[in-house]
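The opening position of the sequence shown corresponds to residue 834 in the numbering used here, with each subsequent residue numbered one higher.
For the record, the hints were derived by calculation from the structure and aren't laboratory data. We put the beta carbon where it would ideally sit given N, CA and C, even for glycine. Take these hints with a grain of salt, some might be off.
[Claimed, not checked] Straight-line distance between alpha carbons at most 20 Å, and here's what the computed EDC-like set of lysine to aspartate or glutamate pairs gives:
no. : residue 1 : residue 2
1   : Lys1009   : Asp982
2   : Lys1038   : Asp915
3   : Lys1379   : Glu1131
4   : Lys1198   : Glu1131
[Unchecked claim] Distance ranges between label pairs, derived from CB positions:
no. : residue 1 : residue 2 : range
5   : Asn1077   : Ser1189   : 30 to 36 Å
6   : Gly1182   : Gly1327   : 24 to 30 Å
7   : Lys1104   : Lys1352   : 55 to 61 Å
8   : Pro1403   : Ile1122   : 39 to 45 Å
9   : Asp915    : Ile1068   : 18 to 24 Å
10  : Met1404   : Ile1122   : 46 to 52 Å
11  : Lys1379   : Ile1115   : 26 to 32 Å
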Amino acid sequence: MAPTNRSPFRRTLALLASVAILAQAGVSEVAFAQTAPEATAPGVAAPVPAAPAPTPPAPAAPQQTPTIQGVVPNNGPASVADLAEGLLDAVVNISTSQNVKDDEGVGPAPRAPDGSPFQEFFNDFFNKQQGGKGPNHNVSSLGSGFVIDPTGYIVTNNHVIEGADDIEVNFANGSKLKAKLIGTDTKTDLSVLKVEPKAPLKAVKFGDSSTMRIGDWVMAIGNPFGFGGSVTVGIISGRGRNINAGPYDNFIQTDAAINKGNSGGPLFNMKGEVIGINTAIISPSGGSIGIGFSVPSELASGVVEQLRQYGETRRGWLGVRIQPVTDDIADSLGLDTAKGALVAGVIKGGPVDDGSIKAGDVILKFDGKTVNEMRDLPRVVAESTVGKEVDVVVLRDGKEQTVKVKLGRLEDSDQAAAGGGAPDGSQDDGVITPDPDENNDMDEPDTGDQTQPLPGAPAPDQHQGQVSPDAATPKNVLGLSLSLLSPETRKAFGIAESVDGVVVTEVAPGSASAEKGLKPGDVIVEVAQEFMKSPDAVAAKVKSLKQEGRRNAQLMIASANGDLRFVAVPME
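Please put together the full structure from these sequences, using the hints given.
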């Protein structure tokens, strides 16, 4: 009997244990999945309540989800939509057309070989394409611009409208107006247009680009590839860029996308002020690669105002030829670093022909602005008001001096030294530049023959009586064979009568003088700012400089026609 009685009891215990296990599994599923209701078997309520211990953490899951989702929108950069919305109406698309002769176009139409089965098709197709145009046809181009005055003044690039016969301005609201060219400046590639609106236009103002720093956010708006009202955002990548576009290069570099058609459009700061005018890009493909250039407002605003008032630019003129201060020249002058602009010559009849600035001076400051390198001077002079009296700090005879100068006006001409250069990249105004990196010049109007007696030189008919007979004996100094100027040497080298000094008859190959570009026929006018009368004087001065511990001798060199340059020759 006993085995029979124990068996049902064991089955009952096993059943109760199974129900408890199933109940535990049901409670656990609710805690993690929260999908199914809790299930219990009838009559088995006692074991279940002990199992739901993990249930308290369950309510935390719904509270975490909205917290994470709320952070996501703040991870991106701040929107510029509000800023752009207030500026889009002031940015315009500019369309131009130009009547061009067929022989100025892309060339003759393709021709099929005589006897070809396609000859009739080719002739018929291309005759139809060109026949309706007559001898001329229109060429169109697109660019950008922006309104600076509600009365209708618009700024753009010169290259956008250059040569155009017809200029049309397209506004953001779809309206179009014909524009008249008020003035243009090729040196900064800027132009001012005028339209006649029926109602005041939305306008923007210039900001101060000089306060912008590398890394500041900027926004470009324009008409890239004909897609008007395009907005791009980036930062200022660099400042003071020189891309050899003109004499006053001082571009802002930005990575805000600028493409074809953006030319003439504005570059805004985050206040909505124009701090640059988008002008150029560097791109092998023709599209944006993140290197764009803008004319800074500190340069553009003055040019635009002059074009608006006078229809032309009125730039200051100092009337000097300049060249860079190299390390060798700086050493020869006693400068601790290469800085400033070295005056290679003074233009006869110019503002400083009164002796206030002399050849050999190094201009360190102009009107309170530091001249760190040669190319800084033409820009600051050009930006100055015509007729203004300014203070100029120069280094002369090893000492800094301040002189007062009244500026003249730079007359725009193809021969002005502040303008373009010769095809080979050198300045084509009579300044001899054997090494393009050694010499340069600035702001000289086209005044014809500017040959003049050299500073400190005696009259041509006096020098022979001022030297001893043995001074005519050739000397070898710094790898140069030197000789006294005489009628024979003038004739042999074609040296003008206004040029005086000591003539170079030979240059030793491989010498320091040869490396600096000196050649037979050059005339040494000064050594270390002292006029040279004879070869003996040159030799004595070089010896004196060596004794003083100088490593380089600064020579003022005159070409055969009297143009001056400075060369620092190492003394071995």
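Index of numbered hints that the structure contradicts, given in increasing order: 3 and 11
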